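Working from the sequences, and respecting the hints, build out all of it.
The residues making up each chain are set out below.
There are 2 protein chains.
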Amino acid sequence: MDNEKLNYIEESGLAFEIFGMTRMAGRIFGYLIVSDKEAVSFDDIREALDASKGSISGTTKQLLGVGFIEPVSLPGDRKTYYRISKSNIGAILKGRTALFLKFSALLEKGVDLKINKDDDITAWLHEMAAFYRWLAARIEHLLNSWEEEKEVFMKYENKDHGKK
Amino acid sequence: MDNEKLNYIEESGLAFEIFGMTRMAGRIFGYLIVSDKEAVSFDDIREALDASKGSISGTTKQLLGVGFIEPVSLPGDRKTYYRISKSNIGAILKGRTALFLKFSALLEKGVDLKINKDDDITAWLHEMAAFYRWLAARIEHLLNSWEEEKEVFMKYENKDHGKK
DNA sequence: CATTTAGTTCAATAATTTTTGAACAAATAA
DNA sequence: TTATTTGTTCAAAAATTATTGAACTAAATG
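As given, the protein sequences belong to chains A and B, one line each in that order.
Just so it is clear: in the first sequence, position 65 is 94 by my numbering, and no numbers are missing.
Just so it is clear: in the second sequence, position 58 is 87 by my numbering, and no numbers are missing.
Bear in mind the hints are in silico, worked out from the structure with no lab data behind them.
Note that the list lumps identical chains together, so a pair holds whenever it fits in one copy or between two copies.
Lysine-lysine pairs mimicking DSSO-like chemistry, simulated, CA-CA at most 30 Å apart:
no.: 1; residue 1: K115; residue 2: K66
no.: 2; residue 1: K115; residue 2: K131
no.: 3; residue 1: K184; residue 2: K115
no.: 4; residue 1: K143; residue 2: K131
no.: 5; residue 1: K146; residue 2: K179
no.: 6; residue 1: K115; residue 2: K34
no.: 7; residue 1: K66; residue 2: K131
no.: 8; residue 1: K82; residue 2: K143
no.: 9; residue 1: K66; residue 2: K34
no.: 10; residue 1: K115; residue 2: K143
no.: 11; residue 1: K184; residue 2: K123
no.: 12; residue 1: K138; residue 2: K123
no.: 13; residue 1: K90; residue 2: K115
no.: 14; residue 1: K184; residue 2: K143
no.: 15; residue 1: K131; residue 2: K146
no.: 16; residue 1: K66; residue 2: K90
no.: 17; residue 1: K138; residue 2: K66
no.: 18; residue 1: K90; residue 2: K146
no.: 19; residue 1: K123; residue 2: K179
no.: 20; residue 1: K131; residue 2: K90
no.: 21; residue 1: K90; residue 2: K138
In this text the structure is predicted, and so the values were computed from the model without any measurement.
Shown next as structure tokens:
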């Protein structure tokens, strides 16, 4: 494979680490993109990335779990192929909003344990907890409006291209 | 300290690990909440959490960096105290939206490296990249509207309490 | 039924991250 | 100036997480 593509795969690996996933997950995701194939097999991935079967097995499951990739099966072929998943565009976000709710609950639980609930901090903690609940609700709502807004947004971005 | 509070501090530590920070950061944050004090000193934290000075020093900096806590200084006292920060409610989110833009850029870069740009996957990758740019912009916008909306939201939540 | 293919599982290893603890620096106090 | 307080820095240790590789299972083929 082309050197630029190999570099991209590693870059994707490092980026995924920042996003909180594993380097190998980013490598596989990047490879699926630049492979220029409809779908790639388990063994294609293993060879391209020079990694162990165990690692590919575990990481494809991880990527399947969060909806980044999807399996493809073909008649008369017992292999499983993988490609970038076209569903679940907001899947990762759903997970994030769950974390916001968890943080909100953590804050409220902390306030419950305070003896003095008349101070500034208590009021602030309640507000911060409400903020994260509000945010989770608003983001869930946002996700639903992408389908309606995407056409206009993408056209607008394009029209704007190159302007200051 | 009360056993329930100690448990809460550990719970907060585990939660912060899920949020992508360190366990110690969560412990300090949790301790600041349940301490029921206006502000706590470096040494209060160290004793309460039975951790090393190095760990407290590094972690308070981490928490200061993301705006979760803020320093308090008092005249005639050379210690630095810390409390939950009341500013920067959306600070953590700003960092997240930066990640969305990074992911969007990663996707576009991947498409650039493809030879065949007429396939389904390419169109999908463009759409996904646009989605994350759109989302980042919308979330930035959301953060600005919390101040306006919070009063109504908190009143509404309260009114709704206990209803199905 | 025996063999091959396709992938999973899991204990061991490698790599990374977190925490400690001791030495250090800066600032105040004596 | 010397001693004490308050915290920082950083190398080493501990803990955690990712990856390998070998043994295994399940399904399909001959």
